[in-house]
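Engineer: Sequence:
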Amino acid sequence: MRLAFSSLATILLFLASGPFQNPALGAEPSRSLAEDILAAEADGDLESRSKLLQQLDAEASEEPLAQSLQGKVLGEDNLWRSVEESISANRKSSLLASYKTYRQTLPDTEAGNLQIANWCQKARLPEQEAAHLERTLLINPNNSIARLRLGHRYQSGTWVSPKEAARVQAEADILQKSLKKYGADIQKIRRNLESGNSRQVWEAMKQLDAIKDPMAIPAVAKVFQTAKSPASDEAILWLSNQEEPVVSRILAQWAVESRDPATRNFAGERLAARPMHEFVPQLLNQLESQIVSRVIPSFRADGSLAGVRHAFAKENADDIDVTVVDFVNARNIQDTIIRPDRSENATSAWRGRAFEREIAEQEIRLQNIETERKIRTQQAKEIAQREQRMAQSNVAIQNVNERIGYAMSQATGTHPGYSEKQLWDWWSDYTMREPPPRKYVSMHYSNKYSTTNFYSPPQFACECFVAGTLVTTSEGAKPIEQIRVGDQVLSKSIEDGTLSWDTVCATTEQPAKPLVRLQLEDEQLDCTQGHLFWVSGAGWTQARNLQNGDVLHAIADPIRIQDVSSAEAAPTYNLITNENHTYFVGETQVLSHDFNEQAPTAYIVPGLHYAKN
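Those letters in the sequence shown? Residues 18 to 630, by the numbering used here.
If you're looking for bench data, these hints aren't it; they were derived computationally from the structure.
A few of these clues could be false.
Stated by the list, open to error - Between beta-carbon pairs, the in silico distance windows are:
| id | residue 1 | residue 2 | range |
| --- | --- | --- | --- |
| 1 | 49 | 101 | 20 to 30 Å |
| 2 | 72 | 121 | 24 to 34 Å |
| 3 | 529 | 260 | 33 to 43 Å |
| 4 | 316 | 193 | 54 to 64 Å |
| 5 | 141 | 316 | 50 to 60 Å |
| 6 | 79 | 410 | 36 to 46 Å |
| 7 | 124 | 438 | 13 to 23 Å |
| 8 | 138 | 321 | 50 to 60 Å |
Please read these numbers as outputs of a predicted model, since none were measured by experiment.
Even glycine gets a Cβ: it sits at the ideal position worked out from N, Cα and C.
Start from the sequences and build out the full structure, keeping to the hints where you can.
Structural biologist: Rendered as structure tokens:
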């Protein structure tokens, strides 16, 4: 599914999860003791962190973040237990043992995973049931049974998950709150900026600059989205001073979609100072190849037109869209019968009708030829109309691609003449995430009877760990290559910093590639160069960019990197988790990202927003 910048959905996507109830200008953000611990970690002051953690232990706080800092996980009975106690309980579970035994009897296919999900439903294992339903959708995204059981709803030609529906509602609520609080003031500021009166313009600039609350971001984006330079310049400058990742998306939107060339240019310039992972994926997701088409006629044995297939194909960043329009010329045969005369003059009458029959047959042949001509003419007309619409779409695609290419050149230094494929490949090289050997193929069949979507199974490519790398699971440490769909791994939410057991919904394996070796105290971790680790104070960082002395976030005490070096190439493995997309690796249990591409975040340590540091 393509991300559209034409609405506020992408603008508000990250506002829904960020703490925008920031204090008024001049007030200091209040922090809990748990947040003080995270702030010390972000600053690299591990000695202060240790002392503060001792105070936290003495307080016996029930705050979820405090419990997670003490290495505790919330159980289904709403009781906090240490990770070790939780693992011990899971190892004794006969139900989980039965589940794993049953799972081994079925193949990793669409039908197999659906059957395992049915077993889990009866056994009341909702997390494992959801994992196998998700795995079913990875194999066949159009499996309606799995989607309905996961709570998806089919709306306007696409499936919408409960998370997406909740996100849309949250976005609408945030926009409403932002406009209610700041909408009128910002509209007045825009009017004054566009007034041409130097005094009013100056006052408007000061009023806009005085707004420091990130909650105003949606209102500014909404009110100024159609503004032209120089009024839009002030909004761009104000947005550029906000650290929220969502600002990068707003600037990217304006750099491509604004009707004012000056606004597009200035927004692209300001993007250069923003982290690339906050806007590049969204720009690249808007790129599309030119649409190509093919007409395939089908004829009957008598040479008449049986049907026409008109196929269109377009490549996107993650998939290939193929639309097939089928015309089927189904004949409705009408018999023409000339009955003989059974009167006394039947013989002579029948002879007299021979000529009449020959004439009738000739008329029928001519009528059929005319019908065939009309059908072919109509089909040629419809094909020409579709080809014309395709040409118009290609012009629009080219215009958008050129704008994206120019914005990318301003913000990242890429060549403005790069094609969409060159830009996709450039990002793959930059992130060191190999493109998949083949993309999703989304097939849309259209004819007069039905319209159905089909998808080919995905093939993943990712950044990963070598075999033998330990992952903290709900039953203890397990080598990554032995983990299966339905297993649970210890995970951490970046937004609230809490620990939880997250279910694995897919695993990946990649051929040998160059590796990075991290020396962590008495342990070595070998991984691909692009694998992401959480560096306290900096966020997700690729292994190739890690340095000696960097502090990695872990379940317990943070871990300092002692050395970074290269390692021999080897096959690698990775996971996809259902919720947080994080898991802990190694005996030191440092925080790692799963297969999914990192999402922009305003957190410097899991659970600590930058505004509170």
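Engineer: Looking only at beta-carbon atoms, does the pair residue 316, residue 193 fall within the given range of 54 to 64 Å?
Structural biologist: Given a distance of about 59 Å, which is inside 54 to 64 Å, the answer is holds.
Engineer: Assuming the hint says 50 to 60 Å, is it satisfied by the Cβ distance from residue 138 to residue 321 or not?
Structural biologist: Distance hint for residue 138, residue 321 holds at roughly 53 Å.
Engineer: For residue 72 and residue 121, compare the CB-CB distance with the range 24 to 34 Å and indicate the outcome.
Structural biologist: About 48 Å separates the Cβ atoms of residue 72 and residue 121, which means 24 to 34 Å is violated.
Engineer: Using the Cβ atoms, figure out if residue 124 sits within 13 to 23 Å of residue 438.
Structural biologist: Given range 13 to 23 Å: violated, Cβ gap about 36 Å.
Engineer: Is the distance from the Cβ of residue 49 to the Cβ of residue 101 consistent with 20 to 30 Å?
Structural biologist: holds, 25 Å
Engineer: Against the range 33 to 43 Å, how does the distance between the Cβ atoms of residue 529 and residue 260 compare: consistent or not?
Structural biologist: Taking Cβ atoms as reference, residue 529 and residue 260 lie about 40 Å apart, which means the hint holds.
Engineer: Taking 36 to 46 Å as the hint, is the beta-carbon distance of residue 79 and residue 410 inside that range?
Structural biologist: violated, 57 Å
Engineer: Starting from the hint 50 to 60 Å, judge whether the C-beta atoms of residue 141 and residue 316 obey it.
Structural biologist: holds, 59 Å
The earlier numbered hints that this structure contradicts are 2, 6, 7.
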